[in-house]
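Residue numbering for the sequence shown follows our numbering, starting at 503 and increasing by one per position.
Derived by calculation from the structure, the hints in this document are not laboratory data. It cannot be assumed that every hint is accurate.
Straight-line distance between alpha carbons at most 20 Å, and here's what the computed DMTMM-like set of lysine to aspartate or glutamate pairs gives [unchecked claim]: (1) Lys641 with Asp612; (2) Lys647 with Asp598; (3) Lys735 with Asp813; (4) Lys790 with Asp813; (5) Lys641 with Asp614.
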Amino acid sequence: MLRKLVSSLTVFALALVGITQAIPAQAWPDSTTQVGTLTSTDSRWEIGAVGKTLASNMVYAYVGGQDENRYIRAYTLSPEGNLTEPVDIARSNTSDVFFQFSPSESSWVDLDGTINLLYIKFDTSQLVRTSSLLHVTSKDGMTWKAPVVVATISSRGTDPCVQSLEQVCGIGDVTISKTASGQEALLYGVLNADGTKQIFFTTKLPGKKWITPASINTSNYAPYQLELVAAGKGFVATWEATTGYNEPVRLMSAFSTGLTAKSWTAPQERRNTSNLRSLGLLQTSPTKYAVVYSEPTGTPSELAVFTQTFDTRTNRFGAAQQILTLTNVSYLHSLIATEYRAGQSALLFSTYSSSSDGNNARYILFRNGAATAQWVNQALATPDDVYQAVQGASIDSLGHLSIVWLNNNPADSATSLFLSQYFRGNHSDVVLGQESANYNVGFSQDGDVYVSSFFMSTISGFVRIRSDAPTLTTDVALAGTSKVGKALTTKLPMIDADSVGQKWLYSYQWYSCQFQVTEVLAIATENCSAISGATASSYKVKPADKGKFLQVKLSVKSDNATQVQFSASTLAVK
């Protein structure tokens, strides 16, 4: 979320790092910081983490309202546990102008660290009503640029779409994806004034404008649960389509053979049945992308979970495969799909049952395309009346799964927030706290976990899990010959095998010493001085170094801690 094997291989790989420097050493977050509180009277209707800044602050955003005011606001949670006062991203002074956004579906972080957020603005204050899809950005989560309009849809009060009770006129579901090179793409559904339904696609290169949106589907079926992933040379999309409540649901798909709207293929129906629900679309292997969905089996309170997998080598979906049967379940909620990293991805969900023993937290782990169903913690789910719910999940760069989840056991009147970690051949659970609150979880790719909680008017930024400096089990050393014209290289130290999960950044500074340094130190000696410009992992010995003793300073840094070692020096340069 193999682990003992992975741990052993990691130790071996880290040893190789000292020679090749091809892979950064890793460390798993292992410390907890209690954070401060903030009072806010804002109503919060939809809230979530939207990304971590380059300064390591997690940015949260929420949509809400108070009296006639409607707004989207943002605040940040720092590694030290400090919360900032919420600031406006968008605001209106009338309830006729309101906003909508989904943090998990419409926010992302650019390669340069820019926080991005898409939201919909509905304006029903005029005869001609509008819904606009807007794009805003920020570097720090507190200062936001003016919004850019991506698309606008208009309607009148007499239009057929206004009379429909199935969907609000204008722009509906929005979902985004981006390629490894940073190209961004989005899909959004539209209910037009005449009652027809469409799905639009648009894309942009880093630093460029969005291209004019183009329709990839028009039908009489309303699109919901839009999913989009970058796959191969293009994109894959899935969605639900239906004519109304209690009507059969069609699971639809389409894919593009390139990165433009013109390259999209005609949509195909993957499944058509009553009470079908799309659970997620996620990468499961280097070339495969699975759409996961559930449907009733025909037995009361029983659901079957299926996958259909798209292969970029053939540009085709495979046949449906059932991977799980859930009994004593009414429906699934709290759906979360992780990124695909180190050969793994996961789909998490919570089950709801009208009885007392079916409210549990589960996940499906995909490893190299194969799916296995797991409990987050079956032991704690065993007693009757226990309620479990997934709050957030992520897979770090080594493929280690981290889940934050609630466990409520009425027998002991405790609601506990757990962090579960699946790595190194074991499964560990940490109780983050016991409060009656709403929790919002943010993850960074390097393994950090931020949790912000809300209770009444208090934003308490409950806790943050963060990493410490790595435990170095060997010392930095030098390889090569201390002779003019020859190259010296840095041999990195090994990191404790129990420290796995977060990327560490390495920096170097070479020193020239008057006397030999015979041991590894944490500080520089007085007879050594830094060589200007010598900041690479290797150093070519120069004529000016003749007779001197050379050493390297190695800094191993995370976002909040640094480990420093000064190597023993070479012999006198010849």
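Are there hints from earlier that the structure breaks, and if so, what are their numbers? 2
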